[in-house]
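Peer 1: As a plain string of letters, each chain reads:
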Amino acid sequence: MNETEMRQDGSGPRLQLIKAGLKRRYAKEKIFRTLGIAAIFIALLMLAVLFVTITKNGYGAFEQTFIRLDVAFDASVIDPEHSGDPDVLSSANYSGLVKKTLREMFPEVKSRRQKRDLYSLVSRGAAFHLRTMVMADPGLIGTTQTVWVPADDDIDMLIKGHIKTGGGGGSRVKADKAAWVDTLVKKGAIEKRFNVAFFTNGDSREPELAGIRGAVVGSLYTMFVTLMLSFPLGVATAIYLEEFAPKNIWTDIIEVNINNLAAVPSIVFGLLGLAVFLNFFELPRSAPIVGGLVLTLMTLPTIIIASRVSLQSVPLSIREGALGVGASRMQAVLHHVLPLALPGMLTGTIIGMARALGETAPLLMIGMVAFIVDVPSGIFDKATVLPVQVYLWADSPERAFVERTSAAIIVLLVFLLIMNALAVVLRKKFEQRW
Amino acid sequence: MRRDEIIRAVGKPFLEDESVKISCRNVNVYYGDKHALKNVGVDIAEKEVTAFIGPSGCGKSTFLRCLNRMNDTIKTCRVEGEIILDGENIYDRNVDPVLLRARIGMVFQKPNPFPKTIYQNVAYGPRIHGLARNKAELDEIVITSLEKAGLFKEVKDYLDHPGTSLSGGQQQRLCIARAISVQPELILMDEPCSALDPIATAKIEVLIDELRQNFTIIIVTHSMQQAARVSQRTAFFHLGDLVEVGDTNSIFVNPEHKLTQDYITGRYG
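Top to bottom, those sequences are chains W and U. The numbers in the numbering used here rise by one with no breaks, and the one at position 389 of the first sequence is 389. To convert, count from 1 in the second sequence and add 434; that's the numbering used here.
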């Protein structure tokens, strides 16, 4: 069979060969595609497991058990001389009021030990709650009010079904306490409500009073410092290295070192921050300014690398077009290259910031792991951040901190989701074609 | 061969009269170790179209990019020799490449409008050079430039549309409008029609012929027919050497050098 015959005959051996091979090629493609889909599916499954577990553990923390007390704001306890002086009002024995109310609700309780158990039904925050009420409205003195106060964390856990009562010494809630709770439930004096305190309070030793506001605000201040320092520095460095710097051994060394910095374990940056910012520059310990500085060191390489890549992706023809009409290099970069590279730079920055938001180890080194109750009011105040708060709570023995830990993780993940969504939106918004 | 020796290409590389706009002597260009352009010496006449032709990699684009120092942006590129524009060597220390490029415009092989509106594309040059005192003057410059580039009629209702939304040929004319908006003395065109269809090409060629009244034009082209149609003088490059320069007519009708003859008769290249 000669060549012309083969070409004309559609069923010739050459085509047979190709057809046979074709099947194999398609089979390979199919296997590859199946593997890809399987990989995506497994990744999504992992993600779903993560979200489901955390939500399951954490959603309970968004509710808190409250106990109804009919408190008689006795003038002889609060302000015996009717002075109306705020100092007197604020230093009055409010926990005595709470205790008195509880005794009246359960008159059968007599022994000292039983009384102590009874008082521990409600949170220590109850007294503060009453004080706040009186300070806001001194007219309450002398009246009897129905007040919902947070229950103790053990009671909260009991109501939510996380711990069981038991006669033995093993349980944190004794049988008589459980009986009182039952009585309260029957009277309708126990209720689960939305846990506002979780979002408005700082940290606390008492789980029912502990909130994430301090950590969220601390995180925001720290991120603010990080963004303000790392974005301009990173972008300026990238522009200089990419557009202006000569290509020689020195810039090569700089480039290698920037790439190395990106791979340095974050705790090393924490030690560096401890040595340089705290010990040498004597900046305040545990402050967002130091946290921000340390995270800047960590985020800078990421931003520089991402910015350089997005500068490189701007076609040369745009630069030449600008230079061709007589723009200086600076003008070509600022007017034409930078606007096109900006979406990539922003994406890189937000990804770097998201990583910084979740960073814990370096912040432990500079003292942001301290127990701080107050919500910080500036970048020099003592503060903690969300991931460190998670770490602190995860380390606490109280059962109620378990769900608060998960709730804090949910808040952290929500922040990360918002930031990553922002990255996508910004990229879509500023994306330009050429 | 001595470096400073002027290698004469055959034909008529040097002009005796006053019409010389640019005169080049002993121009050598290196990309790293590669000697891309060897001892080129040629004069470019004013208000004429000069075409650079030659096979791929012969150095014609490299030479063109030397004339407005666009090669400065290539880090490994080194230029030696003299390129005299109106009595001044453009590679002198005290010559500002930014000012030079305001005098010598450039149109590139692939249309490269900025990803901005048509108006902003043309207004950019005058704006950075401060050529317009107010909005009215700027409008005037933009409209005249678009008219000269033969584009105004087609885009006058779309000035606020992105320049990248135009067709390839329109984009290239927009780039020409952008180049002439700063009123350069010289326009360099680096294969301006290689990415265009024949109809768009014809329009650009007509435009080049009109622009010759006001500007000195140098065009690099792969198409010998195009060189024959639009240029008055033609220079033939081969492997980094300038082989032959002369009036377009005489080069195409009666080439002196064997290589030129082979190239224009299509025996290679």
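Derived by calculation from the structure, the hints in this document are not laboratory data. Glycine included, every Cβ here is placed at the ideal spot set by N, Cα and C. Some clues are possibly wrong.
[As the list claims (entries may be wrong)] Here are some chain U residues the structure puts well away from chain W; computed CB gaps all over 12 Å:
#1 R527
#2 V532
#3 H563
#4 Y592
#5 D624
#6 E644
[What the hints assert, rightly or not] Covered, in the sense of this in silico footprint (three residues per stretch, anywhere, with C-beta under 8 Å from a C-beta of chain U), are these stretches of chain W:
#7 27-36
#8 85-99
Peer 1: It remains to establish, for every hint, whether it holds in the given structure.
Peer 2: Evaluation of the provided hints:
no. : hint  : result
1   : R527  : holds (17 Å)
2   : V532  : violated (5 Å)
3   : H563  : violated (6 Å)
4   : Y592  : holds (17 Å)
5   : D624  : violated (10 Å)
6   : E644  : holds (20 Å)
7   : 27-36 : violated (count 0)
8   : 85-99 : violated (count 0)
In summary, the numbered hints that this structure violates are 2, 3, 5, 7, 8.
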